[in-house]
Every structure is written in structure tokens, then in C-alpha cells.
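Protein chains in written order, with the working numbering: chain A, 455 to 682; chain B, 88 to 426.
No wet-lab data here; the hints were simulated from the structure. Treat each hint with caution, since some may be false.
[Stated by the list, open to error] Away from chain B, derived, C-beta distances all over 12 Å, residues of chain A:
1) P474
2) N488
3) F535
4) F548
5) S558
6) G571
7) I572
8) S573
9) F596
10) H600
11) S637
12) Q670
[Stated by the list, open to error] Derived, one-sided and incomplete: chain A residues facing chain B with beta-carbon distance under 10 Å:
13) V465
14) T466
15) R471
16) T517
17) R527
18) S529
19) K530
20) E533
The beta-carbon is built from N, C-alpha and C at its ideal position, and this holds for glycine as well.
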Amino acid sequence: MANPVVETVNVTKTYNRGKPNEVTAVKDASLKINEGSLVVLKGPSGSGKTTLLSLIGCQTKPTRGEVIILGKRVSKLPEKFMSLHKRRHIGFIFQHFQLIAGMSVLDNIVLPLIPEGISPKERRKRAERLLEQFNLVHRRQFKVSHLSGGEQQRVAIARALINNTCILLADEPSAHLDSRLTSELLDHIKQLKKSGHTILITSHDPIIYQNPIVDQVFEMKDGRIISS
Amino acid sequence: MILHPWILGLIIGHSALLLVFSLGVINAWQIFRGWDYNSAEEKQFLLEKKTYLVSTVMKFALLIQILMLFLFEMAADELANVLPGAMCAVGTLSSNSYGFSLLNLKIVSFFVYFIWLMINYLDNQIESYPLVRKKYLVLMLIYPLAVAETILIFMFTFDLDPSVITSCCGSVYNEGSEGLGGSLSGAPAGFILPLFFSIIILLLLNRFVFNRRDTEKKGLGNFLEFPLWIAFFITAIVVIISFISTYVYEILSHKCPFCFMGTEYHYYGVALYLCLFVATATGIAVGLLETIKQPETLKEKARLLQKKMNTVSLWGMLAFVVIGFLPFVTYYIKTGRLI
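Working from the sequences, and respecting the hints, build out all of it.
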């Protein structure tokens with residue numbers, strides 16, 4: 455039996471606690487994701503998918519409950535240790551890519567390596583490998599703002615993988631892609647799964663969650679996981 | 088009270104720090120009472136957020152409190168210009184009964200705050216907040232020091248009267264005068280110097296002989312650091328007043344431990360005291376760090392810090408001896424005799 459790489463136990467996240475605009479985005483969410491599996495969180499907009507993904511991705515802390523990544527209770531870690539854990543083990547692909555527009559493809563990809571103190575030579579070496587893998591070699595020095603949506607998507611994936619992370623989280627990765635690019639994205643995801651990555655995707659796109667490569671689908675509604 | 092920028096600075100500075108400290112202590116009490124690391128409840132998450140804020144704020148507040156010791160000396164030196172009879176900080180401090188009490192309290196606080204900062208530093212190095220309750224307990228225990236400091240600063244500054252003639256350092260630190268200053272100035276070099284160097288030798292023996300043996304004895308050796316460094320600090324102060332000052336001023340009757348902190352002496356005293364305070368604080372820390380045994384990750388970090396403190400304290404002590412005895416050596420080489 456595979457080991458759970460990601461686990462959440464009764465996780466709740468409330469924003470604006472005690473204020474009139476208080477909202478509980480995730481309620482008592484519990485899930486387990488095994489090593490090397492591809493899991494999709496599906497649900498309508500506002501169902502809490504992105505918040506749950508952010509909690510698993512150590513972007514934010516829960517209001518209550520536990521998030522356990524690779525056996526470590528990350529929800530209990532002080533900020534600096536949580537950031538360290540995130541940098542070393544989790545790659546995150548954001549819905550709007552969050553690339554730095556004024557910087558080149560290469561510079562965007564190597565960015566997560568800088569706080570790790572990795573030498574420029576090693577940074578370049580790792581980046582070159584990913585540029586090749588994602589067919590971006592010819593775009594190396596292009597500013598990301600000059601790239602197409604599909605290319606930006608690939609840069610975002612490369613950046614998420616540069617730290618040799620074993621967990622990859624993607625927030626609505628097909629939201630801005632046409633069907634051809636979505637199929638290309640699925641090919642990349644397939645490759646990553648084959649290479650042993652544990653992948654968690656939020657999506658309400660049937661092309662993604664109905665794809666046979668997906669191992670498990672969790673459905674969310676009003677902040678709760680209603681089925682798996 | 089004299090309306091002087093330094094006095095206003097001291098009052099406002101201490102009041103602001105006490106306010107921050109008080110808020111820190113209120114939060115420290117909440118954290119101390121409610122802390123349950125294993126809980127995944129909302130209350131614990133809020134406390135974890137709070138401890139991050141409180142420890143950061145207190146770190147800066149206590150660092151400033153430490154700096155206040157030096158600012159206080161500078162203020163006292165500056166105020167000597169408006170107090171009749173005063174020549175340097177000694178005149179200001181001895182112009183009322185609170186001056187030296189405040190200075191002594193500030194010296195004690197310096198070491199206590201340093202220890203808290205060290206505990207805080209260690210706690211922030213480990214993922215599981217192992218020292219949270221202890222560090223906030225210590226913070227609450229040292230709070231009265233900050234309160235006493237602020238009360239004394241008010242009493243001291245409000246009691247400063249420019250119409251009252253105060254004593255100058257020459258009369259306070261004079262072998263013939265009564266009181267602690269006179270006794271310290273009159274400490275015979277034939278007694279205090281051998282005692283001072285004996286303590287240094289004991290410290291070095293403890294470091295390089297005792298501490299290289301097996302773990303149990305090493306632990307005991309580290310515990311000994313604490314009383315030895317306290318003894319080092321006290322004897323060093325006596326050596327400064329009774330011996331070093333004579334060769335700095337090259338006058339037998341002038342033994343002021345403050346005058347040489349000014350521009351006329353190229354801030355010689357600042358360098359001297361800085362070495363003494365740093366060496367003592369880090370030396371005391373070596374002994375205290377020995378008490379940390381659990382958990383293993385914390386112990387490892389404590390040992391690493393202990394090593395660094397070891398090095399800093401030894402270099403600090405060496406620098407103190409070199410800087411302190413430089414005027415004596417220079418004088419002896421120049422004249423071929425002693426004062």
C-alpha cells in the first residue's frame with residue numbers, strides 16, 4: 455500500500471474572523487493522497503478548492519485542523535520552517551501563472567533556487583534541463599510577457615519543478631487554455647506522474663477530472679468534501 | 088528636573104519601551120497560560136501567530152533596552168555640563184541617590200536581557216517551539232526590572248537639580264574618599280591584579296583542560312563558567328578603577344571609570360567596556376546553555392550556539408586584557424617605570 459504524502463485532518467479555514475464579512479472557505483476537510491498519485495479536487499467556483507490547495511501548499515495556515523505533508527505537521531510549523539518545507543517539497547502552479555512579467559523565461563524558472571543558496575552554475579544546469587523538457591529552449595531569453603498562454607503555462611510548470619519537488623499542486627491549470635493546450639498540459643502531467651510526482655489539481659474542467667490518468671477525484675461544495 | 092534633550096530622550100525612550108514590554112507581557116501571559124502545542128484548535132493557531140509577533144517585538148525592544156545602557160552613560164556625561172561641580176557622568180550619577188542605583192540596575196538588566204534574547208533565538212531555531220512557555224515565563228519574571236528601570240529613570244531625572252553642587256569624579260573615585268568609589272580606587276594592585284589574572288587562568292583552564300575531558304566533566308566545566316564570568320566581571324571593574332585608569336590618565340589621583348569614554352580619550356573606555364560586557368554576557372551564556380538537555384534538536388542547536396559564545400567570550404576577554412593593559416605597557420616602555 456502506498457504511503458500518504460498529503461493528509462488533511464478536519465481542516466477548517468475561516469477568513470476575516472469575527473468581522474461582518476467572515477467566511478469559512480473550507481470546513482472540516484479530511485483527505486489522504488498517496489505517493490505518486492494524481493488527484494483532482496473538483497467543484498464549482500467558491501467551493502473552497504483553491505483554499506484547500508493553498509492550505510496543502512503551505513501558502514496559508516488553517517484556522518483549525520491539521521495538514522500533514524510527507525509526515526510533517528506543516529500546519530504547526532512556524533512561518534520560516536513552513537516556507538522552507540514548501541520550497542523544498544512542493545511545486546505550485548497558480549491559476550494565473552504568477553510569472554514575473556519583466557523577467558526572462560530563464561530567470562523566472564530559476565527564481566525558487568535563489569533562496570536555497572544554489573550556485574548560478576547549478577541553477578543554470580537545472581533550468582536547461584527543464585527548458586528542454588518543456589520545449590522552451592528557443593524562448594530562454596524571452597520576457598515571459600511576450601509568450602503565448604501555453605508557453606507561459608509551461609514556464610510555470612518548469613518553475614514549479616526546478617527545486618526537484620516531489621509534490622506538484624496546480625490551481626485550475628486549464629482555465630486559460632484551449633482544448634489543444636489542455637491536452638498538451640495533460641501530456642506533461644502524465645509524464646510527471648510517470649516520473650513519480652504526486653499531483654493535486656483543482657479543476658472544474660471535465661477534460662481534466664474525467665481523464666483516465668486521474669486516480670482519485672474529491673468533490674467539494676460549500677467548503678466541504680462531499681464525495682471521493 | 089532639567090528640561091534637556093537627553094532627559095526627554097531618556098524619559099520618552101524608557102516609557103515607550105515599558106509600554107511595549109507591558110503589551111509583550113500581557114500577550115506572554117496569554118501564551119503561557121493557553122499554550123498546547125499538540126492542539127490543532129483555533130486557539131492554539133492564534134497563539135502560534137501571537138508568539139511570532141511577540142517574540143519579534145520583544146527582540147527589538149530588549150535590544151534597544153540593552154543599547155539604553157550606553158545611551159544612559161552618554162546622557163549622564165552630557166548632563167555634567169549643566170550640573171555645577173560635575174566633570175563627567177560620575178557627577179551626574181552622584182548628584183542624587185538614584186543615579187548609581189539606576190546604573191547598577193541597568194548593568195544587571197543588560198545581562199538578563201541578553202539571556203532572554205539568547206533563549207528567544209534558540210526557540211526560533213526549532214520547528215516545535217520547545218522553549219515558548221519557558222521564554223515567556225522568563226519574560227514575565229524580568230518585567231519588574233524594566234518597570235524598576237523606568238521608575239528609577241523618572242526619579243533620577245526629576246530629582247536632578249542644577250542649583251545643587253555635585254561631586255566630581257576626582258572626589259568620588261579617590262583613595263581617601265568614603266564609600267564604594269573610594270574603596271574601589273584604593274584596591275591594592277598587589278592583590279587585585281593577581282586575583283584578576285587567577286580568574287582568567289581558571290577560566291582558560293576550565294575551557295581548555297576541563298572541557299576537553301569526558302561529557303560529564305565537560306558539563307560541570309560549563310556550569311562553572313557562570314560564577315567564573317561573574318567574578319571576572321566584578322574584578323575587571325575593580326581593575327579598571329584601581330589600576331587601568333591610572334595609566335590611561337597617567338595621574339595617580341585620577342581613577343574615574345567614565346572620563347576615558349569621551350572624545351578626549353578617543354572613546355578608549357567605550358572599546359574597553361564593550362569588550363568586557365560582550366565577553367561576560369557570552370561567557371555567562373556558555374554556562375546557561377549547558378542546562379538545555381531536551382529535546383535533542385534543541386540540545387544540538389544549544390551546543391552550536393555554545394561553541395560560538397565560547398569563541399566570542401574568549402576573544403572578548405583577550406581584547407579586554409589587551410586594550411586594558413595597553414596604556415600600562417605603553418607607559419612602561421616609554422618611561423621604564425611604574426606610576
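Now the hints, each set against the structure:
Look at P474(A): its CB is around 19 Å from the nearest CB on chain B, clear of 12 Å, so calling it non-interface holds up. At roughly 22 Å from the closest C-beta of chain B, the C-beta of N488(A) stays outside 12 Å, upholding its exclusion from the interface. For F535(A), the shortest C-beta to C-beta distance to chain B comes to about 5 Å, within the 12 Å cut-off, and the non-interface label is violated. Separation of F548(A) from chain B is adequate, the least Cβ-Cβ distance of about 24 Å exceeding the 12 Å criterion.
The claim that S558(A) is not at the interface with chain B holds, since no C-beta of that chain comes within 12 Å of its own (minimum 36 Å). Residue placement check: G571(A) keeps its beta carbon more than 12 Å from all beta carbons of chain B (closest about 18 Å). I572(A), annotated as away from the interface, keeps every beta carbon of chain B farther than 12 Å; the closest lies near 22 Å. A cut-off of 12 Å between C-beta atoms confirms that S573(A) is not in contact with chain B; the least separation is 25 Å.
At roughly 40 Å from the closest C-beta of chain B, the C-beta of F596(A) stays outside 12 Å, upholding its exclusion from the interface. No Cβ of chain B comes within 12 Å of the Cβ of H600(A); the nearest lies about 41 Å off, and the non-interface call holds. Listed as a non-interface residue, S637(A) keeps its Cβ farther than 12 Å from every Cβ of chain B; the least gap is roughly 41 Å. Distance check for Q670(A) against chain B: the nearest CB is about 24 Å away, which clears 12 Å, and the non-interface claim stands.
Of the supplied interface hints, the one on V465(A) holds, with its beta-carbon coming within about 9 Å of a beta-carbon of chain B, less than 10 Å. Satisfaction of the interface hint for T466(A) is found here, the shortest Cβ-Cβ separation to chain B being roughly 8 Å, below the 10 Å cut-off. Because the beta carbon of R471(A) sits about 8 Å from the nearest beta carbon in chain B, less than 10 Å, this interface hint is met. The beta carbon of T517(A) comes within 5 Å of a beta carbon in chain B, closer than 10 Å, and the hint placing it at the interface holds.
A hinted interface residue such as R527(A) counts as satisfied when its beta carbon comes closer than 10 Å to some beta carbon of chain B; here the least separation is about 8 Å, so the hint holds. This hint holds: S529(A) has a C-beta 7 Å from the nearest C-beta of chain B, less than the 10 Å allowed. The restraint placing K530(A) at the interface with chain B holds, with a minimum CB-CB distance near 7 Å, inside the 10 Å limit. Restraint check, E533(A) versus chain B: the minimum CB separation of about 6 Å is within 10 Å; hint holds.
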